[in-house]
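Engineer: Now for the letters of each chain:
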Amino acid sequence: MTEPLLRTERLVKRYGGLLATDNVSIDVRPGEIHALIGPNGAGKTTLVHQLTGVVAPDSGAIHFAGRDVTRLATHARVRLGLGRSFQITSVLREFTALENVALAVQGHAGHSFRFLADARHDEALRGPARRLLEEVGLGERAGTLAASLSHGEQRQLEIAMALAGEPSLLLLDEPMAGMGVEESQRLIGFLRALKQKHAMLLIEHDMDAVFQLADRITVLVYGRAIASGTPDEIRANPDVRQAYLGEEAA
Amino acid sequence: MEYLLLQVLNGVQLGLLMFLLAAGLTLTLGIMDLVNLAHGSLYMMGAYIAWTLIGVTDSFVLGTLLALPAIFLLGVAVEIVVIRKLYARDHLTQVLATFGLILFFNELVRALWGPAGKSIAVPGFLNRTIEILPGVPYPAYRFAIIVVGALVAILLAWLVARTRLGMLIRAGASNRRMIGALGVNIELLFSLVFGLGAVFAGLAGLMAAPIASVRIGMGDDILILALVIIVIGGIGSIKGAFIAAMVVGQIDIVGRAFLPDILKTFMSSSAASSAAPAISQVLVYVLMAVVLVWRPTGLFGQRT
Amino acid sequence: MMAALRTPRGLATALILLVLAVLPLLTQAFDQRYLLSIGTRIVIWSIAAVSLNMILGYGGLVSFGHAMFFGIGGYAVGILSAEGVSSGWIQWPVALLAATAWAALIGALSLRTRGLYFIMITLAFAQLVYYVGSGLEAYGGDDGLNISRSRFPGLIDLRDKASFYWLCFALLCASLWFCGRYANSHFGLVLRGAKSNELRMTALGFPVFRYRLAAFTIAGALGGLSGILLANEGAYVSPAMMSWMKSGDLIVIVVLGGMGALFGPLYGTIAFFVLEEALPPLLNLAHKGWGEYWMIVFGPLLVLIALYARGGIDSLLGRRHE
Ligand SMILES: Nc1ncnc2c1ncn2[C@@H]1O[C@H](COP(=O)(O)OP(=O)(O)OP(=O)(O)O)[C@@H](O)[C@H]1O
Ligand SMILES: [Mg+2]
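Chains as they are written, first to last, in this note's numbering: chain A, 1 to 250; chain B, 1 to 304; chain C, 1 to 322.
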């Protein structure tokens, strides 16, 4: 078996009396899509925040790309190959789509302590940025302000930005939220094609998408990972049916 | 020993005055998320209005009692005309607009009362000393400031701990949605809170007048000190403002009363006595920097 | 270049720069010495405003203590001059170094905080410098200190008003040139990105703190330069040059001109000084004696600008295309 790319060890995060993350140990292997599902407030986003370093865990450890990154700053983890999209769309609204992605490319291209060159015409940034926009299907919209993009387009833009860092692992927090059926289907196809190059931790409420894409699924309820396994195993798991899928069936 | 006690009391008195000023600021910041630089102008207006009313009524007590509602009305008027439009805006807009208000009020005072400073005499019945300990006299007027300041502090503590308004304050900064959910008339509530803050500021200004002087811009520097206090205490925290005000009061008095003697051991005595107040001011700002570096949201501020 | 002249913005800016470039000739021709001294101060304040715009306009960092760099640059020159070091070749580098080092130090401390706390901590550091200045009894304390102007033997005589003006103007042009490059450089885009969405920039791998610290330090250095010039302009330094009201004036200027617009600081400074000079006589025209109280009009004007004209003068000159 291959060495996991990402591995957490008994992560714990408390908010006051609330255990938002309760002894969570999960891993993601190269080339796989690992889906994280669970009801609202289960602690999925909180877990992603800890993985990216936005929130510090109270205890436990995070290993990424062979290193202990538990105390590493966010930007340093990104440099190691951790990319993310946000649950609440997070793009640079005053910048065009192309500028957004160009900045993402720039973030990956070494330091930016360059004061005199004109970055807006730097083809080393714009070329790859344009290609990424084409890839996610936003080629036509390159010159549009991010704020003027539709919701679905902004989600696509987020993914283009996350990909610009050439991450070995993508953390996708509900990438399909608010998308229409058609857009979702396109995105599913796109993500499937990506998975050879980028392993993914996928958080998604859309169960169709999850079962189409995931190699493995972990179910989080009240901060605890109550089950983990292949889609078939999860479908069959009685705890999961009761705690989570049961709600949907009802 | 006696000297030390008196100086500590002076520090308490100054701290309570600062607390009066800081309380209104931290209320508006905590509840409305509003930076009001013009709070110092209300302090100044308190002193000037009291000066006029004391002159008209020929009575300190009567003049003061009339000045407070006047300041309240002034505060509410300012809230309705300008401040209300600032709640939903960013801090930079608030800083700019209330900076404009400062310029306005300073000039208004110059136009109405003239450029020269005024003085308010200590009222006769307080113009004496009382024995706070057997054989230790203390000026009655300063003692009265301590009493009034303490009463206001208790009133505020009660307000925060026991009332619905206090619940909102404790619930934390700027949660307008929640206030709306409680079915409170927000516009009215904000006007009242702002007016209340204005009264505290005006009260501080008029009480300070007999000790300091009544002059244009008297609120400008003390405003900064009040801002420092609420930042040290943590924005929105009345308790934090109180503790920080007490500490700042003591630092200031220590600076004025004891630093010169310490400094004299290694510099000329005139240099020492003029450097000491500056050093005590510097100490206050160093304290704030240290607190913020240690806890970026102040002693009792909400963590984000 | 020629195309830029056809827009209202380009035309206005070119006109302003042209008038500023020949101002000493104009004031001499019309025998208006007083105007040259105002012009000099406008140019110096513009440099300070450009430096504030570099963090406030492009970085969204509301520093409420920028006048402290007037003080640090000015006092470094003043103290050296009082101690008998009159060479500008020593004074200016020392002053710049002092401003840069101080900016780096307080930037490192202040940038840990956010929002209102940042506004307040920068204000507090400025007050700290202010009170240190007023406590320097050996250098005039509250009253300030008369100094002799920096000497650059054989190169330029700063006592000559026109030469000094042109030096300031050249430095302003250099600042504007640098700021123009800076704003669209790789660095500038990171700074502007962080203003728009800090969390996003961090998630893209940018150590935002370091970029902001660098910006704060550069702005401090340029602010220090304006302090050096201000001290030389009046041959005088005092704590008043760094009072918090001056920091407020600088913010007003930057917003008035247009935050994050290259020439905004220039428009803002000119507008500010013109208002200061023109409002009193205008009010006197309306009613004799009112002019003395011009701030009664200026204050509410600020309120209106803050509320309704946040794009500043720059936005009146048409859309910006970047
Ligand atoms: N900063 C915070 N302070 C206090 N509690 C928090 C904070 N962030 C999250 N929580 C709480 O932690 C729990 C987990 O929240 P989280 O956002 O991780 O859930 P989630 O699984 O992502 O939910 P959703 O599916 O709705 O996105 C929730 O109860 C939430 O209220
Ligand atoms: Mg979530």
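It is worth saying that the hints were derived from the structure and are not from the lab. Since the structure is predicted, the reported quantities are computational estimates derived from the model, not experimental observations. Treat the hints with care, since some could be wrong.
Selected chain C positions facing chain B (in silico; Cβ < 8 Å) [as the list claims (entries may be wrong)]:
hint : residue
1    : Phe64
2    : Gly115
3    : Met120
4    : Ile121
5    : Gln127
6    : Tyr139
7    : Leu167
8    : Leu171
9    : Cys173
10   : Leu176
11   : Leu279
12   : Pro281
13   : Leu285
14   : Gly291
15   : Tyr293
16   : Ile296
DSBU-like, lysine-lysine: derived pairs with alpha carbons at most 30 Å apart [as the list claims (entries may be wrong)]:
hint : chain 1 : residue 1 : chain 2 : residue 2
17   : C       : Lys288    : B       : Lys264
18   : C       : Lys161    : C       : Lys288
19   : B       : Lys85     : C       : Lys288
20   : B       : Lys118    : C       : Lys161
Glycine included, C-beta positions come from ideal geometry on N, C-alpha and C.
Engineer: Phe64/C was flagged as interface toward chain B. Is the shortest Cβ-Cβ separation under 8 Å?
Structural biologist: Check passed: Cβ of Phe64/C comes within 7 Å of chain B, closer than 8 Å.
Engineer: With the threshold set at 30 Å, check whether the alpha-carbon distance from Lys85/B to Lys288/C stays at or below it.
Structural biologist: Since the Cα atoms of Lys85/B and Lys288/C sit roughly 34 Å apart, the hinted pair is violated (cutoff 30 Å).
Engineer: Go through the hint on Met120/C and say holds or violated, using the shortest Cβ distance to chain B against 8 Å.
Structural biologist: Cβ of Met120/C sits 4 Å from chain B, so the hint holds.
Engineer: Taking 8 Å as the limit, does the beta-carbon of Leu167/C come near enough to a beta-carbon in chain B?
Structural biologist: violated (32 Å)
Engineer: Holds or violated: is the Cβ of Ile296/C closer than 8 Å to a Cβ in chain B?
Structural biologist: holds (5 Å)
Engineer: Min Cβ distance, Ile121/C to chain B: is it shorter than 8 Å?
Structural biologist: Cβ of Ile121/C sits 5 Å from chain B, so the hint holds.
Engineer: Take the shortest C-beta to C-beta distance between Leu285/C and chain B; is it under 8 Å?
Structural biologist: Hint violated; Leu285/C Cβ to chain B Cβ min 18 Å, cut 8 Å.
Engineer: The hint names Gly115/C as touching chain B; please verify it with the least Cβ-Cβ distance against 8 Å.
Structural biologist: Result: holds, 6 Å to nearest chain B Cβ.
Engineer: For the pair supplied as a hint, Lys161/C and Lys288/C, is the alpha-carbon distance within the 30 Å limit?
Structural biologist: Violated. Lys161/C to Lys288/C sits at ~34 Å, over the 30 Å cutoff.
Engineer: Under the criterion that the straight-line Cα-Cα distance not exceed 30 Å, is the pair Lys118/B, Lys161/C satisfied?
Structural biologist: violated (42 Å)
Engineer: Answer holds if the nearest beta-carbon of chain B is closer than 8 Å to that of Leu171/C; otherwise answer violated.
Structural biologist: Status violated, d = 28 Å.
Engineer: Once the shortest beta carbon distance from Gly291/C to chain B is found, is it less than 8 Å?
Structural biologist: violated (12 Å)
Checked against the numbered hints listed earlier, the structure breaks hints 6, 7, 8, 9, 10, 11, 12, 13, 14, 17, 18, 19 and 20; every other hint is satisfied.
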